[in-house]
Structure formats: structure tokens, C-alpha cells
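Chemist: Given next are the chains, with one letter for each unit.
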Amino acid sequence: MREVAHDYGERAVLRDVSLTLAEHRVGVVGANGSGKSTFARLLNGLVVPTSGTVLVDGLDTRTQLREVRRRVGFVFQDPDAQIVHPTVAEDVEFGLTNLGVPPQERARRVEEVLVRYGLAGHRDHPAHLLSGGQKQLLAIAGVLVMGPQRVVFDEPTTLLDLANTRRVARVIDELEHDVVVVTHQLDLLAGFDRVLVFDDGRVAADGTPAETVRWYVDRMS
Amino acid sequence: MTAALYVPGAGPVHRAPAGLKLGLLAALAVGLFVADRLEVVAGALAGVLLIGLGVARLPGRALLAQVRPVWPWLLALLAFHLVFTGWHTGTVVVLRLLALVTAAAVVTATTRVTALVAVVEWLARPLAVFGVRPARIGLVIAMTLRFIPLIAERAQRIREAQAARGADGFRFQALVPLLIQVLRLAHTLGEALDARGADAPAPSPRRAGASAP
Ligand SMILES: Nc1ncnc2c1ncn2[C@@H]1O[C@H](COP(=O)(O)OP(=O)(O)O)[C@@H](O)[C@H]1O
Ligand SMILES: [Mg+2]
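First to last, the sequence lines map onto chains A and B. Residues 1 to 221, numbered by the UniProt record's numbering, are exactly what the first sequence covers, in order. Residues 1 to 213, numbered by the UniProt record's numbering, are exactly what the second sequence covers, in order.
Only chain A is shown next, with the shape it has when bound in the complex (with noise of 0.2 Å):
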């Protein structure tokens, strides 16, 4: 990432931010509105930026979108907002039909993929009565269906309780995918290579959990 600035209309976001992440594990911390969810979008292309380039793998999101976003999954705040099919086990195919995916194989890797999240119980079950923790679990098998290789959470655990917050977290520390999470909670970083600290649209500061997350807190208190 290269330079990176970003903007919405007038109002500037993001200002000269220029990373490379190369890490396994990377954690986002800041304020509400420093910037971070705006971040977490560059890296799939859901937000191209105003100036500067971003590239994953080498591929640049505003050019590449396609192949970036097949390499990229994004996990969103509200499991709500990201399940579209009413029913467990037709969310989960649903990627796998937009890549086009033969069906007996998209059967294949649905079976598997909700064997491993502990859904295959809940197979034809509504999606509206599952617990916030089972949404959320079933919106990250969604994305990892696709079989993508570096993951982005925007706060995955936000709107979760407690026991809930440590099955996803469990869930993304045994991930062998890339990982970038934005996150207000700090526990969740412990185990991660790097973590990013941003301030009102730029990184003000960078290194292990260790480090950041106490300038983060001494910071804010």
C-alpha cells in the first residue's frame, strides 16, 4: 500500500498511509471514525482510493478488482447484513454459485466447510433464528468457502457476549489464512505478529501487540 489517501467528498479519511503488510496476523485498533473500517475496505477493493494504489499480491484493486476479490474474503461487523439466503446451508453456496462452481462440488464444500463451523445441525435452518454467535460463525463460512487466502474482519465480534466472542475468536486464531482484524477488543490481539494503531486518519503507530496496544491504552486514558 502505497500512499494511500482517501477521502469522502470533502471530508479526508485517510491521509499518506503507506504499509506493507506481510505479516500472518494483523490487528487495527483506533477511535470510532479514525479511519479503520475505511482501511479494512481497501484492502478488498471495496473502497478504491482517491489517490495512491493499493496492492495485493501485486494486483491493484482498482484494475485487478475481480482476482483481488477472490483472494481477499470480508467479514462485516453485523452477520446480519452479510447473510443473504434465508436458509444456513443456501448462504453458505452462495459465493460458491458466483464463481461458478459445478454443482456437486459446491455441495461438497458447503458439507465441509459447516461440518467444521458446527452448523451442519442447522443445514435448512433459518438464518433468522440462529444465535448472534451462529450468524456470525455462518457469515465466516460463508466467505471462506471461496477458498480466499487472506481474510479482513471489521470488528467480527462487536455486537457479540462474551462466550460467543471467544468461539469466533477461536475460530480466527486457528485460521491458516492471512488475517487482518479491526477490533476494540484488545485480548483478541495477544497471539498476533503486528498491530496497527490509527489516529484520525493515519498510523500512529505500528508494531507487536505488545508495544502498540500499551501506547493505545496509555493514550486514550
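Since the hints were derived computationally from the structure, they do not count as laboratory data. If you're wondering where the values come from, they're calculated on a predicted model, not measured in any experiment. Just so you know, even glycine gets a beta-carbon here, dropped at the ideal spot from N, CA and C. Don't take each hint at face value.
Said to hold, decoys possible - Far from chain B, some chain A residues (derived; all Cβ distances over 10 Å):
#, residue
1, GLN77
2, THR158
3, ARG219
Claimed, not checked - Each pair of labels, with its calculated beta carbon distance range:
#, chain 1, residue 1, chain 2, residue 2, range
4, A, ALA210, B, ARG15, 53 to 61 Å
5, B, THR91, A, GLY118, 21 to 29 Å
6, A, GLY121, B, PRO59, 15 to 23 Å
7, A, LEU19, B, ARG125, 30 to 38 Å
8, B, ILE180, A, SER18, 32 to 40 Å
9, A, SER18, B, ALA163, 46 to 54 Å
10, A, ALA204, B, PRO59, 52 to 60 Å
11, A, GLU23, B, ASP199, 52 to 60 Å
12, B, ARG15, A, ALA190, 47 to 55 Å
13, A, THR208, B, GLU160, 55 to 63 Å
14, B, ARG15, A, GLY121, 35 to 43 Å
Following the hints, complete the assembly by docking chain B with the ligands onto the known chain A.
Modeler: The following block gives chain B with the ligands in isolation, referenced to the frame of chain A:
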């Protein structure tokens, strides 16, 4: 309010192609409206119940749940006919509608939404000449079924929050927070559809997934 229509099962009714079931439903509708003999209409209702409860082994309450919303109409209709035309016509009219509603409930309870949607997409294929994308129509139907209960639930929550603060009965102001929530939901939903590849045109002119990767 629930869109929990599908009741899992593995019998012949569940496995029958969705297109066939919808075709038979349409044929039944036409048949019922040309038939005005009580035995025929009552027989059709008995047949539908036999298929739904006996062959497909659906729980009675699954069918009842679908029929319940139309009860008041059926009763009103019956009362109307008792006054103006007589009990025979009234019974025929009511049984006819009851048979049709029950048959529709059997079809939706034994067919996955994706399968129903695939039939609609297939039927919409001729519209592709006018630039309509059948897969889009299917997605809209699926999303409607998904979001009706969700929005109903959010509306209920807002009503409760307002009741907790002393508002009683329906307040027009309840619509404002609901509208804000729905707009926010729609915004993220648009992004989620993008992120999950829904904007991609189907890989072949046929349905996405019907082609090799
Ligand atoms: N689509 C948008 N249009 C206009 N302003 C936006 C939009 N998205 C975010 N913003 C503004 O940009 C700033 C940064 O937002 P965001 O990246 O969501 O921050 P964070 O995720 O850290 O809370 C906020 O002031 C927000 O109001
Ligand atoms: Mg945010």
C-alpha cells in the same frame, strides 16, 4: 412472522423436481376453479392433505401455520355466501381456496427456496433478451424471504425500546429508527454482496454454476 417454510425430509414429495411441483400446483389451481362440484373440491382437499401429511409426512402444524392467516377471509367468505347464495356455493368456494392454500403450503414446505428460485429464474430466461438477468430476480426473491423476518424482528425491538421508555401503542416515530436501521443494513448488504462476488456476471450465458469452472 416467519419465513421458515421448508421442512426437511427425504420422501418422494421432497425429492420431486421443484418445476414439477409448481406445474402441478398451477394445474390444480386451474382445475379447482373450473370445477364447482362439492365432491370434486372436497376430494381435492383430501388428496392434498393425504400427500402433505401422509406421503410427505409434514407435521400438521407446519401446514396449519400457513393456513392460519387466511382463516378470517375464509370465514367471511362463507358468511357472505350463506347470506347471498347458499351453503352449497359457500362450501365449494371455501374448500376450493383451502385446498389451494394447503397445496401451496405443501409445495413450499417440501421444496428448498433455492429450488423454487431456480424455477423462477428458468421461467424468467426469455426476459434475458430485454436485458433482465434471471439470476438477479432469483436473488431478490431469496433476499426478500431472508429479510422480511429480520426487519419484522428489528421493528419489534424498536417498539419494545419505545415501550420501555413509556410510549404506548403504535407511534409514527417508530418508523424513523427503523428506516435508519434498514438503510444501514442495506448499505452493508450491498458491500457484502460485492465482497461475495454477486456483482460478477454469470460465468456463462446459462445459470452460474451450470457451467464448468
Ligand atoms: N461512506 C461514507 N461516506 C461518508 N463518510 C464516511 C463513509 N464511511 C465512513 N465515513 C466517515 O469516515 C470516517 C472514518 O470512518 P471509518 O473508516 O468507518 O472509521 P472507523 O471504522 O475507525 O470507525 C468517519 O468520520 C466516518 O463518518
Ligand atoms: Mg468501523
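Chemist: Please go over all the hints and tell whether each is borne out by the structure.
Modeler: Here's how the hints hold up against the structure:
| no. | hint | in the structure |
| --- | --- | --- |
| 1 | GLN77 | violated, 8 Å |
| 2 | THR158 | holds, 13 Å |
| 3 | ARG219 | holds, 30 Å |
| 4 | ALA210(A) with ARG15(B): 53 to 61 Å | holds, 58 Å |
| 5 | THR91(B) with GLY118(A): 21 to 29 Å | violated, 51 Å |
| 6 | GLY121(A) with PRO59(B): 15 to 23 Å | holds, 19 Å |
| 7 | LEU19(A) with ARG125(B): 30 to 38 Å | violated, 47 Å |
| 8 | ILE180(B) with SER18(A): 32 to 40 Å | holds, 36 Å |
| 9 | SER18(A) with ALA163(B): 46 to 54 Å | holds, 52 Å |
| 10 | ALA204(A) with PRO59(B): 52 to 60 Å | holds, 59 Å |
| 11 | GLU23(A) with ASP199(B): 52 to 60 Å | violated, 30 Å |
| 12 | ARG15(B) with ALA190(A): 47 to 55 Å | holds, 50 Å |
| 13 | THR208(A) with GLU160(B): 55 to 63 Å | violated, 45 Å |
| 14 | ARG15(B) with GLY121(A): 35 to 43 Å | violated, 22 Å |
Figure legend: structure checked against the earlier numbered hints; hints not met, in rising order: 1, 5, 7, 11, 13, 14.
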